[in-house]
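Participant: As a plain string of letters, each chain reads:
2 protein chains.
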Amino acid sequence: MIRTPYLLFLGDAPDQLSAKVAQGIADWNPDSVVGQYRMEGCNADVGVPDLSLQDAYDKGARTLVVGVANRGGMIAETWLKALAEAMEIGFDLASGLHNLLRDEDVLKATSARSGATLHDVRVPSVAYPIANGAKRTGKRCLAIGTDCSVGKMYTGLAMDGEMKKRGMKSTFRPTGQTGILITGKGVPLDAVVADFMAGAVEWLTPDNEPDHWDHIEGQGSLYHVSFSGVTMALIHGGQPDALILAHEPTRTHMRGLPDYGLPSLEALRDMALPIARIANPCAAIAGVSINTKALGDDEAARLCQEVEARMGLPTVDPFRHGAGRLVDALDAL
Amino acid sequence: MIRTPYLLFLGDAPDQLSAKVAQGIADWNPDSVVGQYRMEGCNADVGVPDLSLQDAYDKGARTLVVGVANRGGMIAETWLKALAEAMEIGFDLASGLHNLLRDEDVLKATSARSGATLHDVRVPSVAYPIANGAKRTGKRCLAIGTDCSVGKMYTGLAMDGEMKKRGMKSTFRPTGQTGILITGKGVPLDAVVADFMAGAVEWLTPDNEPDHWDHIEGQGSLYHVSFSGVTMALIHGGQPDALILAHEPTRTHMRGLPDYGLPSLEALRDMALPIARIANPCAAIAGVSINTKALGDDEAARLCQEVEARMGLPTVDPFRHGAGRLVDALDAL
Numbered sequence: 023m024i025r026t027p028y029l030l031f032l033g034d035a036p037d038q039l040s041a042k043v044a045q046g047i048a049d050w051n052p053d054s055v056v057g058q059y060r061m062e063g064c065n066a067d068v069g070v071p072d073l074s075l076q077d078a079y080d081k082g083a084r085t086l087v088v089g090v091a092n093r094g095g096m097i098a099e100t101w102l103k104a105l106a107e108a109m110e111i112g113f114d115l116a117s118g119l120h121n122l123l124r125d126e127d128v129l130k131a132t133s134a135r136s137g138a139t140l141h142d143v144r145v146p147s148v149a150y151p152i153a154n155g156a157k158r159t160g161k162r163c164l165a166i167g168t169d170c171s172v173g174k175m176y177t178g179l180a181m182d183g184e185m186k187k188r189g190m191k192s193t194f195r196p197t198g199q200t201g202i203l204i205t206g207k208g209v210p211l212d213a214v215v216a217d218f219m220a221g222a223v224e225w226l227t228p229d230n231e232p233d234h235w236d237h238i239e240g241q242g243s244l245y246h247v248s249f250s251g252v253t254m255a256l257i258h259g260g261q262p263d264a265l266i267l268a269h270e271p272t273r274t275h276m277r278g279l280p281d282y283g284l285p286s287l288e289a290l291r292d293m294a295l296p297i298a299r300i301a302n303p304c305a306a307i308a309g310v311s312i313n314t315k316a317l318g319d320d321e322a323a324r325l326c327q328e329v330e331a332r333m334g335l336p337t338v339d340p341f342r343h344g345a346g347r348l349v350d351a352l353d354a355l
Numbered sequence: 023m024i025r026t027p028y029l030l031f032l033g034d035a036p037d038q039l040s041a042k043v044a045q046g047i048a049d050w051n052p053d054s055v056v057g058q059y060r061m062e063g064c065n066a067d068v069g070v071p072d073l074s075l076q077d078a079y080d081k082g083a084r085t086l087v088v089g090v091a092n093r094g095g096m097i098a099e100t101w102l103k104a105l106a107e108a109m110e111i112g113f114d115l116a117s118g119l120h121n122l123l124r125d126e127d128v129l130k131a132t133s134a135r136s137g138a139t140l141h142d143v144r145v146p147s148v149a150y151p152i153a154n155g156a157k158r159t160g161k162r163c164l165a166i167g168t169d170c171s172v173g174k175m176y177t178g179l180a181m182d183g184e185m186k187k188r189g190m191k192s193t194f195r196p197t198g199q200t201g202i203l204i205t206g207k208g209v210p211l212d213a214v215v216a217d218f219m220a221g222a223v224e225w226l227t228p229d230n231e232p233d234h235w236d237h238i239e240g241q242g243s244l245y246h247v248s249f250s251g252v253t254m255a256l257i258h259g260g261q262p263d264a265l266i267l268a269h270e271p272t273r274t275h276m277r278g279l280p281d282y283g284l285p286s287l288e289a290l291r292d293m294a295l296p297i298a299r300i301a302n303p304c305a306a307i308a309g310v311s312i313n314t315k316a317l318g319d320d321e322a323a324r325l326c327q328e329v330e331a332r333m334g335l336p337t338v339d340p341f342r343h344g345a346g347r348l349v350d351a352l353d354a355l
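Top line first, the protein sequences correspond to chains A and D. Residues 23 to 355, numbered by my numbering, are exactly what the first sequence covers, in order. Residues 23 to 355, numbered by my numbering, are exactly what the second sequence covers, in order.
No lab work stands behind these hints, which were simulated from the structure alone. In this text, all values refer to a predicted model and were calculated from it rather than measured experimentally. Keep in mind that a hint or two might mislead.
Partial selection, computed: residues in chain D whose CB lies under 8 Å from chain A [said to hold, decoys possible]:
hint, residue
1, Met23
2, Val70
3, Leu73
4, Ala216
5, Leu279
6, Pro296
7, Pro303
8, Cys304
Chain D is nowhere near these chain A residues, computed Cβ spacing over 10 Å in every case [to be verified]:
hint, residue
9, Arg25
10, Pro27
11, Leu73
12, Asp80
13, Glu107
14, Glu184
15, Lys191
16, Gly206
17, Gln261
18, Glu270
19, Thr274
20, Asp292
21, Ala306
Even for Gly, the Cβ is constructed at its ideal location relative to N, Cα and C.
Extracted from the complex, chain A is given alone in its bound form (with noise of 0.2 Å):
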């Protein structure tokens, strides 16, 4: 568990993608947000008070969340001072970049000496058992795309937010690096060994009561040949009640396949809805989430609405439109 709140550290992020986990973190937690912590040179701003480390920590910010990527993924010399100042103020650091902090020298003697926590949300840090497969008590939910990179999450959240709103039992459960920096847990699932993929899932969604949803995170795609192995143990690790179909319109092939074609809806439904079924025989398709942002207001409308008709299910784009109707759909199961 990392401790709340945080402070959003955009370091010199050459422009706004780059601080895309400190945005999803500011658009999908504010409540755990406290301010941005930018340096010299920083292009990104994610919206929230430009505080010092000091003024942060006054404020009550407990983490400080590295919420940018610069090329590669890695972290920067130039983040490394204020970083490790950060810890002898007496911050704990998060990270979900590929090198870990506690590979950096002078970040792991700073925690050593100030007592800081230092999390690396890509990697595991429970020895996840092996699925057993029993059936689960409480309700289960899980976005499944005709890609990878298609609104799964933002589908999940906006669910899970909009249950909330309505007063029902609801949790959002991350499966990767932002979803838990935006919650404060989850499962890295794409770091965890392959015998235990299920078996992490199973252990992030426990028993719960029985008008409780959890609100699975997604990852990748049953028809992306690089991850599908991810997306399938996911549907069977979390036994989903509920399905969301999840995706992108204007995408022309398969991200970072060239050579691979979207499948329909109708195709993923088919392909999905048996393999559901083996671990939870009422598992139901129940909406279509349409990831827009691509597109103009009417040409959103009509997508959706054109979607719905074809495939006979609820059809949103749960950030532009609210998941008001996905919800109804979950609710009516």
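Based on the hints, put chain D in the right spot on chain A.
Facilitator: Leaving out everything else, chain D in the frame of chain A:
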């Protein structure tokens, strides 16, 4: 690459079953085996000459292979003296057990002093890439099971052996500990980190001559919720041209999952083929392999005939009846 030939270490194996790994090596790669080394109290015998460490070394053996698993799959205290002595004589050590040779102080020290190599084949020794999905030359066959442990490895080994007997170009590609110890190399797929599973399989089965067959060792089952992600990565990383359906007819539930029944061969076929065609549009189901170990001769023959008529696919127990008809089916693709 593990140096051959081997001396098989049976230790104080309490029974024949506990020497399963040694038996697999003796059965499938007899040319690699000089003999067996048994300690007092050993109740297993894999049918090769009993040799002292020195005699085996003098006959050419270069690696002492731990071919026994005691309860818990751990290296036993009682073995350490002999294992260390072997290294002093000049042997390397190889093991697929859960605790590692390199984690035993006395073995590590002896290896450092003697220059012997410790092969812990359960641990990946390669930084596998992320799968790129590119079409590779050469042909590939993968056995997929209605359950785990139904004979997928034996099927691949038998087909590889039959092809070699016919003078065809063929390689068995191990993905598990026993297979790796049989051939001296491979990928311990269940120990690979999630993001790299499919990439490890691509690495294992590289471009080859157009008429060369890789027989990729199967793992898990699409229907086994604990390990289905591993099976998925094998199908998408392996991009097989031919799938063999593997089945054990006396199994009453999925291995280790008492609440999960086995799928029919038809259900497995219908689920696997669309999944396989994502990575290889020409993928076909080529035959059925039945593990008839628990049946009498007549019963085994009758069952294969019945399945063959039902599925319209050549159906044999390759260990009992030979893999000739499965190889014919691949040849005809």
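Participant: Please go over all the hints and tell whether each is borne out by the structure.
Facilitator: Here is how each hint holds up against the structure:
This hint is violated: D/Met23 has a C-beta 23 Å from the nearest C-beta of chain A, more than the 8 Å allowed. Of the supplied interface hints, the one on D/Val70 is violated, with its beta-carbon coming no nearer than about 31 Å to a beta-carbon of chain A, more than 8 Å. Contact between D/Leu73 and chain A, as hinted, is not supported at the beta carbon level, the nearest pair being about 35 Å apart and thus beyond 8 Å. For D/Ala216, the interface hint holds, since its Cβ comes within 8 Å of a Cβ in chain A; the closest pair sits about 5 Å apart.
Satisfaction of the interface hint for D/Leu279 is found here, the shortest Cβ-Cβ separation to chain A being roughly 5 Å, below the 8 Å cut-off. At a threshold of 8 Å, the smallest CB-CB gap from D/Pro296 to chain A is about 6 Å, leaving the interface hint in force. The criterion of a C-beta within 8 Å of any C-beta in chain A is not met by D/Pro303, whose closest approach is roughly 11 Å, and the hint is violated. A least Cβ separation of about 14 Å between D/Cys304 and chain A goes past the 8 Å threshold, and the interface hint is therefore violated.
The beta carbon of A/Arg25 sits about 28 Å from the closest Cβ of chain D, which is more than 10 Å, so the claim that it is off the interface holds. With a cut of 10 Å on Cβ distances, A/Pro27 stays outside the contact zone with chain D, its closest approach being about 31 Å. Against chain D, the non-interface label of A/Leu73 holds: every CB pair exceeds 10 Å, the least being about 35 Å. Even its closest Cβ contact with chain D, about 40 Å, leaves A/Asp80 beyond 10 Å, as expected for a residue assigned away from the interface.
With a least CB separation of 33 Å from chain D, A/Glu107 remains clear of the 10 Å interface cut-off, as annotated. Interface exclusion of A/Glu184 from chain D stands, the closest Cβ pair being 29 Å apart, more than 10 Å. Non-interface status of A/Lys191 relative to chain D is upheld: no Cβ of that chain comes within 10 Å, the nearest being about 25 Å off. For A/Gly206, the shortest C-beta to C-beta distance to chain D comes to about 22 Å, beyond the 10 Å cut-off, and the non-interface label holds.
The claim that A/Gln261 lies off the interface is violated: its Cβ sits roughly 8 Å from the closest Cβ of chain D, which falls inside the 10 Å cut-off. The beta carbon of A/Glu270 sits about 18 Å from the closest Cβ of chain D, which is more than 10 Å, so the claim that it is off the interface holds. No beta-carbon of chain D comes within 10 Å of the beta-carbon of A/Thr274; the shortest separation is about 16 Å. Its beta-carbon lying about 8 Å from the closest one in chain D, A/Asp292 breaks the requirement of being farther than 10 Å from that chain.
The beta carbon of A/Ala306 is kept farther than 10 Å from every beta carbon of chain D, the shortest such distance being approximately 18 Å.
Violation of the numbered hints given earlier is confined to hints 1, 2, 3, 7, 8, 17, 20; the remaining hints are satisfied by the structure.
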